[in-house]
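Number of protein chains: 2
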Amino acid sequence: MPLPAEFDLISRHFRPLAGPGALELRDDAAVLQPPPGRDLVLTADAMVGGVHFLPDDPPDLVARKLLRVNLSDLAAKGAVPLAYLLTVSAPRDTADTWFAGFASGLAEDQATYRVTLLGGDTTSTPGPLSLSLTIIGHVAPGTAVHRFGASAGDEIWVTGTIGDGALGLAVATGRLSDFSGYLLERYRLPRPRVGLAIAGVASAGMDISDGLVQDLGHICRASDLAAEIDADSVPRSAPARAAGEPWLATCLTGGDDYELLLAVPPARSTALRVAAQDAGIAVTRIGRLMNGPAEVTVRRSDGREMALTRRGWSHF
Amino acid sequence: MPLPAEFDLISRHFRPLAGPGALELRDDAAVLQPPPGRDLVLTADAMVGGVHFLPDDPPDLVARKLLRVNLSDLAAKGAVPLAYLLTVSAPRDTADTWFAGFASGLAEDQATYRVTLLGGDTTSTPGPLSLSLTIIGHVAPGTAVHRFGASAGDEIWVTGTIGDGALGLAVATGRLSDFSGYLLERYRLPRPRVGLAIAGVASAGMDISDGLVQDLGHICRASDLAAEIDADSVPRSAPARAAGEPWLATCLTGGDDYELLLAVPPARSTALRVAAQDAGIAVTRIGRLMNGPAEVTVRRSDGREMALTRRGWSHF
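If you're matching them up, the sequences are chains F and U in order.
The end of the first sequence is residue 315 by numbering that gives the first Met the number 0, with every number in the run present.
The end of the second sequence is residue 315 by numbering that gives the first Met the number 0, with every number in the run present.
FYI, nobody ran anything at the bench for these hints, they're computed from the structure.
All clues given are correct.
Computed, partial: chain F to chain U, Cβ under 10 Å:
#: 1; residue: Pro-35
#: 2; residue: Val-47
#: 3; residue: His-51
#: 4; residue: Ser-71
#: 5; residue: Gly-118
#: 6; residue: Gly-119
#: 7; residue: Ser-123
#: 8; residue: Pro-125
#: 9; residue: Leu-132
#: 10; residue: Ile-135
#: 11; residue: Pro-140
#: 12; residue: Met-205
To be clear about the criterion: a stretch of chain U counts as covered by chain F if any three or more of its residues have a C-beta under 8 Å from a C-beta of chain F, and this derived list gives those stretches:
#: 13; segment: 33-46
#: 14; segment: 80-87
#: 15; segment: 124-135
#: 16; segment: 143-153
Don't be surprised by glycine CBs; every beta carbon is placed ideally from N, CA and C.
With the rest of the complex left out, here is chain F:
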């Protein structure tokens, strides 16, 4: 008697992804020996078709984005990725090729980021594809970077370039043209900054997923500080700069950057530059934190304050 479709799906597409402790996905739960003497770092993110990805996005890119947004949260705490659990709720008519593509994307990024699948669940849904991923990493005890902990006078730094994800969404939805394909690629495939050694360097930090200005506001509130950033020093990619001045506000407030936003005491800025060079990741100073109400002020190079009508992105 054939086993039901659920077991077949798991066996063909997900079992090859299973790592140590996963018991080949044949058991009720994974059994994992945690790295001795390390703190565990855990986070979960959901992605829904039509909300977080577009229906015709390639399934391997959907998978990699799901894994990478979670890896980005680990990177923001300075954690080393270890393993993940995954639940997939899919319409009954989802093509087998979709699952094959989805699994191949996971396989590719598992190799890149050295994580393995620990367990999960597959179910049907009458709605759109609904994905959830929980990832586990580890850090040396007490060294995890938090949103709180910054001090007045700390510098504000970001990795990479800001705004490509939001502009990529504009490209995907036909509001902006980018013949290079760079922006769309950045929207579809974040580059989590795993490997940047921020523990002991950044006084506070987070990854930018809901827009630079809104996310900096979180750091301000968590540390009870004001922030001021210079819009013109915010690093933008060549295609983002080519989009022109009208898109600057989108870059500062749009979501899906998955770069790191760090508060760094001036005395440690050299250490950050060294860590960034070791990891091959660009870092740029864009502003500073100071005593004052927990608000973000954005200025142009000439000192004018920039008025932003929309400050960030809510996933709800």
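Take the given structure of chain F and dock chain U to it, following the hints.
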């Protein structure tokens, strides 16, 4: 400036559930010190409106079922629950009272089972409510119970009563009457057998979520053994027995029991009885494992083999 709805939802409904390491759900990820010298046990389950629960099911019961099906997987490995992460994808028009009820159900069961919320994500969806929960527990090193590991001659035992969940679904969908309300309650609210000390007692085990016969098949395949059970010794509740003979096959093959199915060497059956008494959980011997093809034979007391047309439940 008000924060977006996502933060408001988290703050009002989910923050009160956050426990140690959750950083009040204000950070990118939780930071947890794992219990020293213990193995971690991890599992994830998804539940979708219209598939795993009915649209008008009370939200507190939906929450408790979601938590309990995961607790049941921990119980099957003999693990002590520790904490969980949760993702909720909800339609934009989901009432605030739904979230309040959902959170109150979690709060109630957090107290019962001594687990706390570590983190998660809330998103919108154009489809039905889509929930995913990852739970973490721990066991003494090397003592987790697996689906494999049984030997020929081991007895097959179950906890509690079998079939109430499947009959409860029949009640919920109008195919069966049960004026006591017991069966519907059992369908809506599993009773995970957390606290039954099966480590070192059961040679193999799992929780029964997809039907007794199908799940016993998993143990047979994992241990490469045949199984024979006596249908008339399978424990059924009074309302299940009252449903009558035509519903016996449903009890044996229907899903949603969340009882434990254990292989126990005869020499340890007394130890199982003692552990069951300590935990206040009924256990019943229903059959045995033997050498032979990995198949399940179901017999009546008179030795006749029972033909089952449907052997289990696939969630996909």
